[in-house]
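Engineer: So the chains spell out like this:
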Amino acid sequence: MSDINFKDVLLKPIFKGNPVTVLVLGICSSLAVTVQMKGACVMALSVIVVTGLSSFVASILRNTIPNRIRIIVQLVVVSLMVILVDQFLKAYAYSVSKTLSVYVGLIITNCIVMGRIEAFALGNKPIPSLLDGLANGAGYGLILVVVAFFREILGSGTLFGMRIIPESFYAAGYMDNGLIILPPMALILLGIIVWIQRSIQKDLQEK
Amino acid sequence: MEYISLFVKSIFVDNMIFAYFLGMCSYLAVSKNVKTATGLGVAVVFVLLVTLPINYLLNEYVLKAGALSWMGEKFASIDLSFLSFIVFIAVVAAITQIVEMVVEKFAPTLYSQLGIFLPLIAVNCAILGGSLFMQERDFVNVGEATVYALGSGLGWFLAIVTLAAIREKLSYSNVPAPLRGLGITFITVGLMAISFMTFMGIQL
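Going down the list, the protein sequences come from chains A and B.
The numbering of the first sequence is our numbering, which starts it at 1 and goes up by one.
The numbering of the second sequence is our numbering, which starts it at 1 and goes up by one.
The hints are simulated quantities; they were obtained by calculation from the structure and are not laboratory data.
Quick caveat, the model's predicted, so the values are computed rather than measured.
Incorrect hints may appear among the rest.
Heads up, simulated DSS-like pairs for lysine-lysine below, C-alpha to C-alpha not over 27 Å straight-line [unchecked claim]:
(1) B:169 <-> A:98
(2) B:9 <-> A:98
(3) B:9 <-> A:16
(4) B:64 <-> B:169
(5) A:202 <-> B:32
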């Protein structure tokens, strides 16, 4: 396992093997937090930290975990990381941690974390696992930020809480799209992202 | 009366899938045909129904700020709520394991039908999400927590069976190639969620 291509490990999860749109992992939490850019960015960073660190730790432990109870051991490792992130957010970004509410805790059951541990960290050395975890977190974060970008700019005309669409537009009759803030539109936006990605990468299309 | 209201609300208004997107991974992966979807749905209802009351009691008597006061004066000031994630997930994982063994022993046919889905439930966000929402909402007694568990489990069951039925029909239609599979499923779920929004604001 020494001939791992680091560039591949880092770049593949961002676009070609994106965990959300290609592997269908981690949709659970990705949609509810994408109403605003701020929440989405914080969530993306938390997931990057958690996937990276827990892949790293799981990879260190990989030779000592008995196979039968590995899921429970992995869950404990992951929830430890999530508790760290949650306490950190509560201490330094209390308002954001309130808006994210239960979704920070739900990173534990985010399939990306468990999926990467199962698929990569258990068979590889700690450093590549750390990179793989970080890259997959970043791929997930990218989708989150893209969805949040469209939802915030179309839904409330702002980015990070700052007004982007000028007042004169509203005076001329432009209106915010209230529907896009509601949960269902996140799913439809994600569907459109998948559509665009698969039109570009023909090999991903299903029959 | 509050129980009925909570029950209906947790099925339709606060639907796990359409309002909170919980348990999406297995929802999308296992909804290709109605039969397996039903199996997974039943398993989720069952595990939710067992874990939520247990987690409620743990939260009430062990984890919450001041929850340990039944052990004596000295313990009244202890706040263990930062441990709740790890305790909840441990309970969920343990219960899934026990449920798996019990079902294997006493209902082998059901066991072979559910197959791989039973162990996978441990990492289903809907289960842990249920516990975390329960903690956030401060239910007054175990009864409410149980009713909430049953309602949200049934809501999840309803959602996965409907989606599976739609996808079975969808496999006969001519969808644009890049949209096939995942893309059209997302859009279908989105449209279903819009229709579920009509339940919003219902008061019982």
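Engineer: Work down the list of hints and note, for each, if the structure agrees.
Structural biologist: Taking the hints in turn, this is what the structure says about them:
1. B:169 <-> A:98: Not OK: residue 169 of chain B and residue 98 of chain A at ~41 Å, beyond 27 Å, violated.
2. B:9 <-> A:98: Answer holds: residue 9 of chain B to residue 98 of chain A is near 23 Å, not above 27 Å.
3. B:9 <-> A:16: violated, 41 Å
4. B:64 <-> B:169: violated, 48 Å
5. A:202 <-> B:32: holds, 23 Å
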